[in-house]
Amino acid sequence: MPSIPPGSKVLVTGASGFIAIWIVKYLLQNGFSVRGTVRSIEKGKHLQELFKEYRSQFEYIVVGDMAVDGAFDEAVKGVDVIEHTASPFHFHAEDPDDIIKPAIQGTTNILESALNYGTTSLKRVVVLASTACIIEPILEGQKVFSEKDWNRFSLKEIEEKGRGATAAHKYRASKTLAEKAAWNFMKINADKISWDLVTIQPPFVWGPPLQAISSLNSLNTSLVDFYNTITGKMEASPAHIGNWVDVRDVAEAHVKVLTTEEAGGERFIICACEVLRHHLAPFSWQDVLDAVHSGPSEEIFSTVPRGVPGSGKNTLHNVLMDTSKAKDILKFKFTEIEKAVKDTAKSLLSRQW
Numbered sequence: 001m002p003s004i005p006p007g008s009k010v011l012v013t014g015a016s017g018f019i020a021i022w023i024v025k026y027l028l029q030n031g032f033s034v035r036g037t038v039r040s041i042e043k044g045k046h047l048q049e050l051f052k053e054y055r056s057q058f059e060y061i062v063v064g065d066m067a068v069d070g071a072f073d074e075a076v077k078g079v080d081v082i083e084h085t086a087s088p089f090h091f092h093a094e095d096p097d098d099i100i101k102p103a104i105q106g107t108t109n110i111l112e113s114a115l116n117y118g119t120t121s122l123k124r125v126v127v128l129a130s131t132a133c134i135i136e137p138i139l140e141g142q143k144v145f146s147e148k149d150w151n152r153f154s155l156k157e158i159e160e161k162g163r164g165a166t167a168a169h170k171y172r173a174s175k176t177l178a179e180k181a182a183w184n185f186m187k188i189n190a191d192k193i194s195w196d197l198v199t200i201q202p203p204f205v206w207g208p209p210l211q212a213i214s215s216l217n218s219l220n221t222s223l224v225d226f227y228n229t230i231t232g233k234m235e236a237s238p239a240h241i242g243n244w245v246d247v248r249d250v251a252e253a254h255v256k257v258l259t260t261e262e263a264g265g266e267r268f269i270i271c272a273c274e275v276l277r278h279h280l281a282p283f284s285w286q287d288v289l290d291a292v293h294s295g296p297s298e299e300i301f302s303t304v305p306r307g308v309p310g311s312g313k314n315t316l317h318n319v320l321m322d323t324s325k326a327k328d329i330l331k332f333k334f335t336e337i338e339k340a341v342k343d344t345a346k347s348l349l350s351r352q353w
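Using full-length UniProt numbering, the first residue of the sequence shown is number 1, and each one after it goes up by one.
Warning: the hint list may mix true and false statements.
[Stated by the list, open to error] Derived lysine-lysine pairs resembling DSS-like cross-links, with alpha carbons at most 25 angstroms apart:
no.	residue 1	residue 2
1	LYS339	LYS325
2	LYS331	LYS148
3	LYS77	LYS187
4	LYS313	LYS123
5	LYS342	LYS233
6	LYS180	LYS45
7	LYS45	LYS77
8	LYS180	LYS148
9	LYS339	LYS327
10	LYS313	LYS342
11	LYS123	LYS331
12	LYS9	LYS52
13	LYS123	LYS143
14	LYS180	LYS101
15	LYS333	LYS346
16	LYS25	LYS331
Just so you know, the hints here were simulated from the structure itself, not pulled from any lab data.
Could you put together the complete structure from these sequences and hints?
Structure representation (structure tokens):
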């Protein structure tokens with residue numbers, strides 16, 4: 001499909017979420033009009049206030065339960081692009097179906113609505129997936145994963161252990177099966193569809209939250225451990241944790257896949273990692289503390305523990321990511337860890353929970 005120019009209307013589902021709200025911001029800043037789905041009028045009003053300078057470009061529509069058939073039928077009408085970000089992200093599902101079914105249903109529902117109620121102006125659907133759809137545990141040595149890989153391990157864990165599978169594998173299975181459902185939908189309905197599909201795979205996502213957060217208890221899952229680390233509530237181990245990316249990079253990717261014609265039909269890993277450069281590498285929580293205290297000292301960071309400085313630099317990171325496709329096709333440059341960590345830490349610490 002041709003690239004989608006600024007001025008086009010983009011539907012963003014789950015628009016009040018941590019990542020989605022940044023996507024909305026970047027779309028508006030780049031000249032797109034946005035229709036956001038939210039679960040309540042209150043969340044919609046928060047977005048209207050946040051983006052009041054773009055009042056003529058932004059509107060919202062309430063979708064209470066995305067798993068209900070036809071939930072997005074009205075929302076998709078008249079849009080040029082759909083960016084689907086709404087999906088459960090938590091680690092407390094006892095029954096795997098409690099997280100897997102909503103993830104799949106939300107994804108297939110938006111595609112069904114696009115097929116049945118989208119207009120001829122619809123050119124591209126972008127699904128926010130995760131590197132959870134790609135990576136598998138590596139117990140020895142290292143492996144570099146790319147967009148060609150799929151996470152089969154978590155699916156096997158769910159099949160064999162059911163409720164006994166770990167919370168992480170339940171979540172990873174939900175993301176994997178939801179993305180697979182999207183690509184399968186495109187294949188089954190190829191003769192009826194006039195738009196293409198793009199999926200975006202980020203790992204751990206950091207960055208200053210813009211969404212309404214009334215208390216620490218309402219902090220989004222991806223920032224809870226980050227906050228606990230910088231406040232000393234969780235020990236900063238030098239052990240491998242995973243890969244990371246700045247939320248603003250994820251938002252920028254959601255703009256670039258619209259303005260880049262070649263992005264259609266592709267998966268993109270959006271991950272700030274380079275195999276040979278430690279400052280853009282998979283991280284340990286010690287790396288986060290080191291990044292906080294890098295450069296000139298700042299008063300706001302005076303209470304952040306230091307751990308054992310530098311102890312994460314010799315960690316063997318088992319899971320590495322190949323980001324060459326994002327760099328080659330989207331011409332992507334990633335935010336470095338010092339900026340991502342400091343901006344995130346300042347935002348969280350300033351709330352004085």
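Evaluated hints:
1. Taking the CA atoms of LYS339 and LYS325, the gap is about 24 angstroms. The hint holds against a cut of 25 angstroms.
2. For the hint pairing LYS331 with LYS148, the CA-to-CA distance comes to about 20 angstroms; that is within 25 angstroms, so the pair holds.
3. Between LYS77 and LYS187 the CA atoms are separated by roughly 23 angstroms; this keeps the pair inside 25 angstroms, and the hint holds.
4. With a CA separation close to 45 angstroms, the supplied pair LYS313 and LYS123 exceeds the 25 angstroms bound.
5. A threshold of 25 angstroms between alpha carbons decides the hint, and for LYS342 with LYS233 the separation of about 18 angstroms falls inside it, so the pair holds.
6. With a C-alpha separation of about 34 angstroms, the suggested pair LYS180 and LYS45 falls outside the 25 angstroms cut-off, and the hint is violated.
7. Only pairs whose Cα atoms come within 25 angstroms are accepted, and LYS45 paired with LYS77 is accepted, the gap being roughly 22 angstroms.
8. Simply put, LYS180 and LYS148 have alpha-carbon atoms about 13 angstroms apart, close enough for the 25 angstroms limit, and the pair holds.
9. Between LYS339 and LYS327 the CA atoms are separated by roughly 20 angstroms; this keeps the pair inside 25 angstroms, and the hint holds.
10. For the suggested pair LYS313 and LYS342, the alpha carbons sit about 19 angstroms apart, so the restraint of at most 25 angstroms is met.
11. With a C-alpha separation of about 22 angstroms, the suggested pair LYS123 and LYS331 falls inside the 25 angstroms cut-off, and the hint holds.
12. The suggested pairing of LYS9 with LYS52 holds, with an alpha-carbon distance near 17 angstroms, which does not exceed 25 angstroms.
13. Proposed proximity of LYS123 and LYS143 is contradicted: the alpha carbons are some 36 angstroms apart, above 25 angstroms.
14. Restraint check for LYS180 and LYS101: satisfied, since their Cα atoms lie roughly 13 angstroms apart, inside the 25 angstroms limit.
15. In summary, the hint linking LYS333 to LYS346 is supported, as the alpha carbons are separated by about 23 angstroms, within the 25 angstroms threshold.
16. About 21 angstroms separates the Cα atoms of LYS25 and LYS331, which keeps this hinted pair within 25 angstroms; it holds.
Hint compliance for this structure: hints 4, 6, 13 are broken, all remaining hints hold.
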